[in-house]
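Kindly produce the complete structure, drawing on both the sequences and the hints.
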Amino acid sequence: MSQIQVKGLYKTFKVAKRSAGLKEAAKSLFHRKYEIVEALKDVTFSIDAGEIVGYIGPNGAGKSTTIKIMSGILVPDRGECRIMGRIPWKDRVSHVREIGVVFGQRTQLWWDVPVIDSYELLRDIYRISHKDYSKNLDLLVNTLELQDIINTPVRQLSLGQRMRCELAASLLHSPKILFLDEPTIGLDAASKIAVRQFIKTINRERNITVILTTHDMNDIEALTDRILLIGRGQILYDGNLEDLKSRFSDNKIITANFRGYDSIIDNQTIHSLGATVVSCSRGRLTLKVDTRICRVADIIARLSGVVDLADISVESPPIDELILKLYKEYAI
Amino acid sequence: MKTYFSVFRLRLINNLQYRAAALAGVATQFFWGMMHIMIYEAFYANAVSTPPMSLKQVVTYVWLQQAFLVFIALWVRDEEIFNLITSGNIAYELCRPCNIYGFWYAKLIAQRLSGAMLRCFPILILAFFFPEPYRMTLPPSAMSFFLFIISLLLGLMVVVSISMLIYISVFITMSPVGSMLIISTAGEFFSGMIIPIPLMPLWLQKVAYFLPFRLAADMPFRVYTGHIPPAQALTGMLIQLIWLGILVLTGNAFMKRIMKRIVVQGG
Amino acid sequence: MKLYFRYISILLKSQMQYRASFLLLSLGQFFVPFSVFAGLYFMFERFGNIRGWTFFEVALCFGVINMAFAVTECFARGFDTFSRLVVSGEFDRILLRPRSTFVQVLGARFEFTRAGRLIQSVVALVWAAMNLSVKWTVPKIITLVLMVVSGIFIFTGIFILAATLCFWTIQGLEVANIFTDGGREMAQYPLSIYKKWIARFFTFIIPFGCVNYLPLMYILDKVRENEYLYMLTPLLGMAFIVPCLFIWEMGVRHYKSTGS
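Protein chains in written order, with the numbering used here: chain G, 856 to 1187; chain B, -14 to 252; chain C, 700 to 959.
Just so you know, the hints here were simulated from the structure itself, not pulled from any lab data.
Among these hints, one or two may not hold up.
Examples of chain C residues lying across from chain B (beta carbon under 10 Å, computed) [to be verified]: (1) 723; (2) 734; (3) 881.
For each residue, glycine too, the CB sits at the ideal point set by N, CA and C.
Okay, structure coming up:
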């Protein structure tokens, strides 16, 4: 029995339409126009305990709607959802006690008081035993290096520091599932790495299931093995990240450094190689190879026949490109 | 000039968008008007001696208060301006090609005018159809009505110039709410919002006449009901103009000094 | 319950950060009801009485109602400013915590500056009590306390109802003012000064009559028999909060099915 089971979720919203201009505004005084938005259409998937799942999709695709339903604060029109055997919106209190949610843009801490005060209040709200609380707190403070900032009011913290405190706050009550909504948004590189490290660690050590929504594909690459792609309310892809890469990467990037005085290889030669030039400078050539047409090994062989290769590297295209292609394929 | 008009238009559109809010506002003010009238009625029922203002006049006074509340209340505040001051983004405003005092002044007037436009008509029209004694009465003469309109607008300008001074004081204290609350409470009282000025004891009336607050509400309303006859109304308007001159000149002068200080200090 | 006190301490800490503005606001909060009270005084000076009630009798009523309102404003401010919680998405966070929404919203915000109003109403109450020719026996004092407590319950109920509106719309909330501020202004006067239908509304629908009229009659020795019944009417007033809580839960359910 999977920890999280979602079957056939449907959800529509009624949004009031607002139009511009004085005449329209006066009309709207008497007659309201509504727009029906289908946020979720037959969403189905299941997640086992301990998985890290990346939940991606363009804005407005239905990600936050699904997360809200799974955390129990939104009721779907149709469909089933069972998390750890419970229906989230029906058993709100007992369900919520076992999950943690971090919103990248909104804080769950009290703004003007030191972080530690917020933690203590959370301890009382979640009724965590003093023993568990001190144990968790010590662990989190050490792993996330919060010693210096734990006595500072939240409003004085930088975004990176705040995010670390948020993560700690969401784990104080030892939840089994963690929902992360854009946790690395706006963070600098060092903080992003710290956050990713941390998530990997707690997933490994405590077997906490992590569901991550993000637009930063590097998060996805660093953390997840499984991807759920949602577009216009429907699940379009549910599977392995590696499979996705091999399915959609139809090209590779070859960067070659070579010796020799002639810095310019004429275009004819390159075309004969069967690749397109990305950049060409003194002693360095970057090619994009369409793997559907020719093999990387062939290109390298031909290249070494033309120039004196000093160094060569082969890379997949950046994952953002991949995702874009994915979106295009599914027309979202 | 165009900017002032566009602010007005924008506010009006904004107000219309929130139709529930508009209806709610009107309903609320009806309630307050009715409530005050009921209380006055109860007082007047057992009057020991003839009060200086008849109940009919008080009723009209109350309805005018409610209809033009947005004009005369001091606590209507512009969040934008407050935030500008407290956050120090004032530098952006300084870059604009118009006199800051004038610009903000016009903005505040536009705000109040557009707010009042929406509310005053439904309230006043319906108030004419209420059963006695809640009914509103017509002014005793066309002259009174005409003078009422003018003194009302002059009063609006006086109120805005007072609130300009309050905004300017925020520059010094950097805290919007504290100074506002005490001044607006006193201002409300002395503009006749709690009890009409003629019903106050004489010594208090003298204080009220000394202050400018009555010029926005009490004076124009009593011009309407004829309690202040046209001749006195003209004197009243003169006083309004004098106060207006003093407040605007002081406000402008303060503003210039503070702007200078800010430019020098760098905000 | 302990949780509630925790909320209080954390919010007190955060509000004390802004000390100067705190004091100024409290002072302002004193003057607002003070000016109304002054108006009341002057009206009585000119008119003598209001449908048979004298100044100090009405002042007693005034004090009780304003005390109840001040305490409610201070402690149930979370409901008063509930629209803020909905708009900012903070209510979602409340739903994500394993506690009742009622306690959390109650603990969301305190407005200690309302102590200004509280002080003013206590002064008014004491002044009235001293000047009334009433013998203050223990039952009467108990009744007075019950009146204030009952008033707190009623105002809290009204605040809850007003907040529940936010689940359906965040516009037009001004109407709620009719019942909060409006309710206060009306209840400041003993109900008998109003027309019949108003008095009935305020006895059966929003039971202010159980706070400011019936027990008041008892305290001022205006009743002859069944005195104890009059003493206990404030308890009826407290029951008002129960249907309000039901309506609140309905509102939460609606919020969960329509999202934010």
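Evaluation of the provided hints:
1. Interface hint at residue 723 (chain C): satisfied, since its Cβ lies 3 Å from the closest Cβ of chain B, which is below the 10 Å cut-off.
2. At a threshold of 10 Å, the smallest CB-CB gap from residue 734 (chain C) to chain B is about 5 Å, leaving the interface hint in force.
3. Because the beta carbon of residue 881 (chain C) sits about 6 Å from the nearest beta carbon in chain B, less than 10 Å, this interface hint is met.
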